[in-house]
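Position chain S relative to chain W; hints supplied.
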Amino acid sequence: MTPFISLPKIKQDWLGNVRGDLLAGIVVALALIPEAIAFSIIAGVDPKVGLYASFCIAVVISFVGGRPGMISAATGAMALLMVTLVKDHGLQYLLVATLLTGVFQILAGVLRVGSVMRFVSRSVMTGFVNALAILIFMAQLPEFKGAGVTVYAMVAAGLAIIYILPRFTKAVPSPLVTIIVLTVVAIVFKLDVRHVGDLGELPSSLPIFLWPQVPWNLETLRIVLPYSLGLAAVGLLESLLTAQIVDDMTDTPSSKNRECTGQGVANIVSGLFGGMAGCAMIGQSVINVKSGGRGRLSTFVAGVFLLVLLVVLGPWVKQIPMPALVAVMIMVSIGTFSWASIKNLRTHPKSTSFVMIATVIVVVGTHNLALGVGVGVLLSALSFARKVAQVIRVRSELDASAECRTYFVQGQIFFASAGTFVAAFDFKEALAKVRIDVSHAHFWDLTAVGALDKVVLKFRREGAEVEILGLNKASATIVDKLAVHDKPGALDRLLEH
Amino acid sequence: MPTILACTDGSVFAPSVYQHAAWAALRLSAGVEVLHVINHHREQSATHDLSGAIGFDASTELTEELTRLEEAQGRVARLKGTALLEEARKQLAAAGVNAVTLTQRHGTLLETLEELEPRAELVVVGKSGEQTVLAEGQVGGHLENLIRISVRPVLVAERRFKPIQRFLIAFDNSPSARKSVTYAAASPLLQGLECHLVMVGRTDAAHEAALNEAREQLAQAGYAVTAKLLPGKAAPVIADQVKSANIDLLVMGAYGHSQIREFFVGSTTTKMVRTCPVPVLMFR
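Chains as they are written, first to last, in my numbering: chain W, 956 to 1452; chain S, 10 to 293.
Keep in mind that the hints were calculated from the coordinates and are not lab data.
As the structure is a prediction and not an experimental result, all values here were calculated from the model.
For each residue, glycine too, the CB sits at the ideal point set by N, CA and C.
Do not take every clue at face value.
[What the hints assert, rightly or not] In silico DSSO-like cross-links for lysine-lysine, where the CA-CA straight-line distance does not exceed 30 Å: (1) 964/W x 280/S; (2) 188/S x 964/W; (3) 188/S x 280/S; (4) 1125/W x 1273/W; (5) 1413/W x 1342/W; (6) 280/S x 252/S; (7) 171/S x 964/W; (8) 966/W x 89/S; (9) 171/S x 188/S; (10) 1342/W x 1305/W; (11) 966/W x 280/S.
[Stated by the list, open to error] Rough simulated footprint, nothing fancy, chain W against chain S, three-plus residues with beta-carbon under 8 Å: (12) 49-63; (13) 66-75.
Chain W with its partners taken away, still in its complex shape:
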């Protein structure tokens, strides 16, 4: 099925579910505020940077994204990658890095990198979401450092409201109730806790177009390039992973490459309006779908309503106590974590659990989701190679004259199984003729071809005539291109290797 862009499709994406999208968008906007503030704090910038980013990214992606109903904004995964850049060079360089991130992501979309996602196995995905959840949770810990019992009590009360209220009513967002109740309590009892207003500037107006104030030279590029590459990779990973999750939840398709390009465009716009880089958010997208959001309208409403709330309620947002935000973020981290994966550790194959845990450890150790996924992909590829290498069987028959033995080879022969393949032959046996029937085998690479050569040459040196039967087409092409045994001077050339 080709995802064609046409008026009816656009209409369906935007107006197919108006009531659900409006309500869900509002619920998401309310949940986005604490997240955007919390992630700004992680990155070390004013809350307004994260809030402007969330507004810009949500609104832009609703038009240019490839997955209707998915929520993108400022995210923790991205914020974690910016910490040192902001600390060492400041906000302006972060804005440049955001622009460059967008350029890389657009390139990725044009080059159709979306399809590369199929190399990311399920275990790596699970490792990714678990690591993300752990990082979001860990980012809340500084709020508890040296804090009194008030902070603990407020967070506990907040979590209690978030999880218990929905048992009574599903008509109001419980995180919002948490924030309102805790804010009122903090004001009425004049509690001594930190407030959002203490952490930096909040937006008081619409974002304005601003070209980043940096020297536009190679030195600047050298500083931001490594950050931009990491941001682009992590942003695409989380976005494509989230798109897949939303696809599965809603049973509808999405365009992965359009999503890549869309993320790029959204980040460029964000950077130009003073926002940080962002990507799709797993937790928020789940909240959106759960609240009944399906179309592009839900993402658009989330972005616009977020800004309206801030501009209208600005003075009140300042009063939100930090423990309220911490409670909401703990909820997000709990909702993002795959708890089933812990239960599955016992039943799933050890190799897949190992890949998952390795991914988590690398991410938590480096605070870089891209590195963790890289390691995870590598490990799952190795584990796959190890498993497939076991799919090989060699048996043999001696003919009546005891002069000729036929070996039957079955299975996949490549770098990981070449050793097993060679070891299966008995070179000590004195024979006039050896037949090797490989009609049920596949030779995949140079190592496999070299192994077959080696076997043939070894038998030949023992004085046996060697015949190879049934090289199937897949094997034949690679053997024809690479092998030396059927050419003059074969031995010399093999020894050169």
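Just chain S, lined up with the frame of chain W:
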């Protein structure tokens, strides 16, 4: 054996769609494939939980909950569709068509048609469907999009089937209109019927030449053609002719302009389908 694809959704148009399909099948000595598309409307949400809280394994839980909700709906829709298709088989048999295949697919009508249409000779649909408010003269929103993607001629059924004796070709010398003339000349579908050829526009040499050429083509195919070149606006003039000449079937090329233009200006095609109370055979 060629097939005619009859799209049904169980609306009041369904019996008429089967009768039109049967009429075409008997004239073309074709079989009929009855298509019922189950659209689950996944663009609309099944849940409205505004609590905004996500707990353990949030996405897995939600996927399971949505699957549970949609599973029951899906089963009912499938059973309803099966019953509907069986009814279609009965009605087609009563109309004399026995080579009937029944097809049920999930998805939207448009994407399913794109998939299945190439194997059909002709597509039959109702003027409006289940989703449409059935005010008299209302045209289904799907129809325009459907005809736009169609590579085959589309026969748009009126609410009630009337035996077809006279057809009128609304001719504007566009490529799709010329296609309709060529089809009428070559296909056994309309052979032997009374043929009216009407062009709306100024009386000038170019128009007359085009009209004459079309008439010639039809006359050579054995039709007794009544050709007219009339001044005025296309939609009302054609509607008038359909009424006064007691026409049973309107044949026309469809949607000559870009989607954007028609979005703002409105299209003559849609207007004609709406104003003429007869089935329409459309070519794109």
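Under the constraints set out in the numbered hints, which ones does this structure not fulfil? Going through the list in order, the structure violates hint 7 alone and respects the others.
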